[in-house]
Each structure stands twice: as C-alpha cells, then as structure tokens.
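Make the full structure from the sequences, and use the hints.
Taken in sequence, the protein lines are chains B and E. Just so we're aligned: 123 in my numbering is position 123 of the first sequence, and the numbers increase by one with no gaps anywhere. Just so we're aligned: 247 in my numbering is position 247 of the second sequence, and the numbers increase by one with no gaps anywhere.
Among the hints, erroneous ones may be present.
When chains are identical, the list treats them as one kind, so a pair holds in a single copy or across two.
What the hints assert, rightly or not - Keeping only pairs whose Cα atoms sit at most 25 Å apart, straight-line, the calculated SDA-like set for lysine to any residue is:
hint: 1; residue 1: 237; residue 2: 130
hint: 2; residue 1: 107; residue 2: 229
hint: 3; residue 1: 237; residue 2: 123
hint: 4; residue 1: 61; residue 2: 46
hint: 5; residue 1: 37; residue 2: 185
hint: 6; residue 1: 61; residue 2: 243
hint: 7; residue 1: 237; residue 2: 194
hint: 8; residue 1: 107; residue 2: 16
hint: 9; residue 1: 237; residue 2: 88
hint: 10; residue 1: 37; residue 2: 222
hint: 11; residue 1: 37; residue 2: 224
hint: 12; residue 1: 237; residue 2: 122
hint: 13; residue 1: 37; residue 2: 18
hint: 14; residue 1: 107; residue 2: 77
hint: 15; residue 1: 61; residue 2: 8
hint: 16; residue 1: 37; residue 2: 64
hint: 17; residue 1: 61; residue 2: 72
hint: 18; residue 1: 61; residue 2: 23
hint: 19; residue 1: 237; residue 2: 187
hint: 20; residue 1: 61; residue 2: 71
hint: 21; residue 1: 237; residue 2: 120
hint: 22; residue 1: 237; residue 2: 41
hint: 23; residue 1: 37; residue 2: 81
hint: 24; residue 1: 37; residue 2: 77
hint: 25; residue 1: 237; residue 2: 119
hint: 26; residue 1: 37; residue 2: 126
hint: 27; residue 1: 61; residue 2: 108
hint: 28; residue 1: 37; residue 2: 221
hint: 29; residue 1: 107; residue 2: 206
Note that these hints are calculated values from the structure, not bench results.
Number of protein chains: 2
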Amino acid sequence: MQGLNERIDRNSFEPAYAQLANLLRARIAQGEFVGDKPLPSEAQLIQQYQVSSMTVRRAIKTLLDQGVVSTTRGRGTFVKPMQMQTITFSLEEFTRLFEAEQDTSVKILQARVVRAQGELCARLALQPGQRAIHIASLIRHHETPVVYHWEYLVYDPRKPIVEAEIEVTSLRGLFMGGQGALLKMGEMTLEATIVDEAKARLLQIEAGSAALHLTHTFYDYQDHPVSWGGFICRGDKLRLSTRLGATPEPGPTGVLRTAE
Amino acid sequence: MQGLNERIDRNSFEPAYAQLANLLRARIAQGEFVGDKPLPSEAQLIQQYQVSSMTVRRAIKTLLDQGVVSTTRGRGTFVKPMQMQTITFSLEEFTRLFEAEQDTSVKILQARVVRAQGELCARLALQPGQRAIHIASLIRHHETPVVYHWEYLVYDPRKPIVEAEIEVTSLRGLFMGGQGALLKMGEMTLEATIVDEAKARLLQIEAGSAALHLTHTFYDYQDHPVSWGGFICRGDKLRLSTRLGATPEPGPTGVLRTAE
DNA sequence: TAGTGGTCTAGACCACTTA
DNA sequence: AAGTGGTCTAGACCACTAG
Chain B
1 MQGLNERIDR NSFEPAYAQL ANLLRARIAQ GEFVGDKPLP SEAQLIQQYQ VSSMTVRRAI
61 KTLLDQGVVS TTRGRGTFVK PMQMQTITFS LEEFTRLFEA EQDTSVKILQ ARVVRAQGEL
121 CARLALQPGQ RAIHIASLIR HHETPVVYHW EYLVYDPRKP IVEAEIEVTS LRGLFMGGQG
181 ALLKMGEMTL EATIVDEAKA RLLQIEAGSA ALHLTHTFYD YQDHPVSWGG FICRGDKLRL
241 STRLGATPEP GPTGVLRTAE
Chain E
1 MQGLNERIDR NSFEPAYAQL ANLLRARIAQ GEFVGDKPLP SEAQLIQQYQ VSSMTVRRAI
61 KTLLDQGVVS TTRGRGTFVK PMQMQTITFS LEEFTRLFEA EQDTSVKILQ ARVVRAQGEL
121 CARLALQPGQ RAIHIASLIR HHETPVVYHW EYLVYDPRKP IVEAEIEVTS LRGLFMGGQG
181 ALLKMGEMTL EATIVDEAKA RLLQIEAGSA ALHLTHTFYD YQDHPVSWGG FICRGDKLRL
241 STRLGATPEP GPTGVLRTAE
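As structure tokens, this is what we get:
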C-alpha cells in the first residue's frame, strides 16, 4: 500500500502539526502500519513532510494522547492494538443540559436546613446535630423530567457559596463556573441504581427502573468538604458513549447522549 | 501568599517540564491564583525557573490537558473554575479484571452458531438467516461472579479472529491486544440496566437489581462490523470514579473500582 | 554502532488582547 | 504599543534498542 502523498499546506488555518497528525491517522486507518510495521521515524517524517522535529513530535504526541499509537525508544512508533485500557467516557453532553437555558428547566423541590446525622456527618465532616442545607431539584429537558438532583451543603453563613447555592441557579453556579473559584477539587462516582417510588413518580418512570447515579463531593481550598450530592439520571434518557481505536477522524470521544 | 520557591532539579529522573507542571499545580492547589489573577507568563516562568520556552509550554500544556488551567492568547493563563465539562471516566480497572489471571476466571456458558435476525442483522450488517456466533460467559473475580458477557460475532471462516474468539481466551484476545491488530475501531456505550431473572441467578444477585451495561461494537480494517456484545456488570461491585479540579497530585482520574 | 524516540535550547514570527 | 500565548525552526545531547 502506498500511503497518501499529501503535503502539508502551510497556508491552511490548520496548524502543521495537526495536519500531519490527521494525515498519519488517515494512513493508519487505511491499515498501512498493521502488525510489526512501524510508522516512519521522526527523521523520515521531517524529510517527507519538510517540517521540523518539534512539529513531528507534536503530531506523534497527538496520536499518543488519542491512544492510537505507542512509542518505544530505540524501536519506533507502532499502531496500538485497540485496547479497552484506553477507553474513557466524558460528560460533556451532561453539562450542556445546564447550559441550554431554553430547553432545560430546574425546579427546586426542597431547600431546608437539616441536622447532620449518619453518613452525612462523615461526608461533610460535621458533628452530629450540626446544620446542613438539603436541596432537591428536578431537571427537565424539553418538558421531560430527566434528572433528579439531591445535595447537602455545609451551613456556614460566612461562605458566600451557601447563599448562592439556595438560589434557583445553584446547579449552574456549581458547575458552570459561577462559584467555581471557591471550589478546589471534586470527587465523583458513577454507578447503576434503581429508582424508588417517590423519585420514579417525579421522573415519570416506573419504580424499579434503572438509572445512572452520579454522586459528587466538592472541597474548598482549605480541603474542607462543602457539598455532597448526586444526580439520578433516567436510564432510558441518558447514556455514555465513546469510540476507540483508529477512527479516521479524531472525533470527540465520550459523550453522554440524550437518547430517544 | 508567597508561592513555593522550589527550583528545578536538573539531575532528577523527573524531566524539567514535569517538575514545573507539578510545581505550578502545587501553587494552584494552595490557592495562589484564584479569581482573575493569572499564572506567571511564559516569559516570567522562563526567567524564574531558568528553562526554555518549549519547556514552559510543555508544562502549561500538561496542566491544560489535565483541565486545571485555561489559556487565552493575549490575556494569559488562568486557573479553570472546576467544571463538569472536563469530567472523564476511564475503564482502566475494568481491563485489569482480565489481566489478573489468578484472581479472575472466565467461564464460557454458551458458544454456538445462530441465524441472524432482528437487531443482530443491523448491528453486524448481516442478511436475515446468515450465520453468526453467539457466546455468553461469566467472569468471576475472587470466586464472586461480577460480570456477564454476551457477544455475537460474524461467522466467516476466512477470518482467523473467529477461531480465536471461540477459545476460552476470547475476551482477553479482544481487549488485551492478542487479536487487536485485526480490529480497527470500536464503539462503546455505557448505560444503566436491570438484570433479568436468568442473569441474576448467574450473578448471584436478586432479579431487578441495578447493573451497568457496557455494550461494544467492533469493526475491522474494512470497516465491517465484526463483533457486537456487552458486559453486564453487577452494580454493587463495579463503579466508576474520577477526580476533578486542582488536586495536589495529578493522580489517575477515572477508575472503575471493585467496591468494598 | 547505527537508528530510534525523549528531552531541551534559544530563539523566531504570528495573532490576539488590553490599555 | 506592549504583553500574551500559539506555532515553528534547526539544531543539540541523551537513553534505549537492535543487529
């Protein structure tokens, strides 16, 4: 097989390193470098495409990050056998739910002060009896309820985040960067769950249906937990998807689709 | 606040760009660049740490990839407010299930030739009545059933992958790179599901329990679908987790934990 | 020993933002 | 106009792999 003989267009809007990366990607997708056959070496690519070493390196680095190739010093660059190790799912689409203002509505179901007890004490590092704020809300997309959100926040009047949180825009504030400057770090987990009767009614599905539960804990710059909560997403409406291997175009791997 | 005055250790095993990235990361985690305050400019970093521009750029690029900072041409580099947009979950731990040979056992429950019909025709681009191979297996971890795997493969004797697939090592072959060279591309989706009675018995859980369903479709270098299947993972045993924001150490974001 | 990728230099020019 | 990050050059030296 003879590899594409395209050249790098120096007048393109696309930088040279990206052009080279896509070019190599296309050659890979055509099966040009299967098995033990290595990609052209850096020196060869510099020659073939008339670019500098750093440009070649950056193109290769791009393919490395995309998980398409692997490199070994002293041996060469090889197409990576498609492996699950490299699979990642991202939540880009999920956040768009909150961005698309006209299509999405957030209804606060509850917002009140509670006394910490049990797991809540551990999660927010509170003593039993200390106050916390409990918020529950329902997110609708195109009039269809899609996500139920529950959250506990430390009750500390000195922290402006508390005031901001109670507002209708609490979710947006947390995730869209409004109050983000106050939050340093977060931990999230994603697991499968079944919805109980109360939430099923809210989400307009049958009790016992499958749902994705995305829980979160956020910390401030003093490493104190500030928020503990979770999103319960209708299993039939939300799904994560990703692509892997030598796809002809890079394409955003990992999207959360609002499926039919 | 006075920022760490550490220097770059040129004799370290850790390359200069990585040292600089971690150093900046630590300063960020201390809250040094909150709000509108930008990170030092490239020129300043070159001065302060006595490195070249490319080294500075690579350090910044690292933080960019980690989603910790964002850059704007003409303005500067800023700490990114923690946003969900950047959350990704990876499946590293999942593949380790198949790597750890002594802890994991795969039992083939079924492997037979079937006639394609319905959705299977669409998924594998087959005509109704054409033959496909159906495989079902149960993956145990420490004697506990954790994952049920189902899969359909195109039946084509010319393709060596078919032979390989029927073997006990089929899963390993697919994902661990054994036959990977034949597979060009894959699509995967992750969704919540509830397990039916038959699978519940196999997984030793109650029917109606929550589970994660990871489906996959793989294509060869001719862009023909080769395999369609899915992993049904006990919801109580497997969960995805990730960290985001300015964590002091990079840390592998996104792991699938075998809970408890 | 020859060839490979990994790191790094010391600049250059450009596009963009802000004042 | 000054400062910022984005791209790119044409090399250098090093660690590693293979024959």
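Hints versus structure:
no. : hint      : in the structure
1   : 237 - 130 : neither (37 Å within a copy, 33 Å between copies)
2   : 107 - 229 : within (16 Å within a copy, 38 Å between copies)
3   : 237 - 123 : between (29 Å within a copy, 21 Å between copies)
4   : 61 - 46   : both (15 Å within a copy, 23 Å between copies)
5   : 37 - 185  : between (43 Å within a copy, 19 Å between copies)
6   : 61 - 243  : both (19 Å within a copy, 24 Å between copies)
7   : 237 - 194 : both (14 Å within a copy, 15 Å between copies)
8   : 107 - 16  : neither (48 Å within a copy, 50 Å between copies)
9   : 237 - 88  : both (20 Å within a copy, 19 Å between copies)
10  : 37 - 222  : between (52 Å within a copy, 19 Å between copies)
11  : 37 - 224  : between (52 Å within a copy, 23 Å between copies)
12  : 237 - 122 : between (32 Å within a copy, 22 Å between copies)
13  : 37 - 18   : within (23 Å within a copy, 31 Å between copies)
14  : 107 - 77  : neither (53 Å within a copy, 36 Å between copies)
15  : 61 - 8    : both (18 Å within a copy, 24 Å between copies)
16  : 37 - 64   : within (17 Å within a copy, 33 Å between copies)
17  : 61 - 72   : both (13 Å within a copy, 22 Å between copies)
18  : 61 - 23   : both (14 Å within a copy, 23 Å between copies)
19  : 237 - 187 : both (24 Å within a copy, 19 Å between copies)
20  : 61 - 71   : both (9 Å within a copy, 20 Å between copies)
21  : 237 - 120 : between (29 Å within a copy, 23 Å between copies)
22  : 237 - 41  : neither (46 Å within a copy, 44 Å between copies)
23  : 37 - 81   : within (12 Å within a copy, 44 Å between copies)
24  : 37 - 77   : within (9 Å within a copy, 41 Å between copies)
25  : 237 - 119 : between (30 Å within a copy, 20 Å between copies)
26  : 37 - 126  : neither (59 Å within a copy, 32 Å between copies)
27  : 61 - 108  : neither (46 Å within a copy, 40 Å between copies)
28  : 37 - 221  : between (50 Å within a copy, 16 Å between copies)
29  : 107 - 206 : within (21 Å within a copy, 34 Å between copies)
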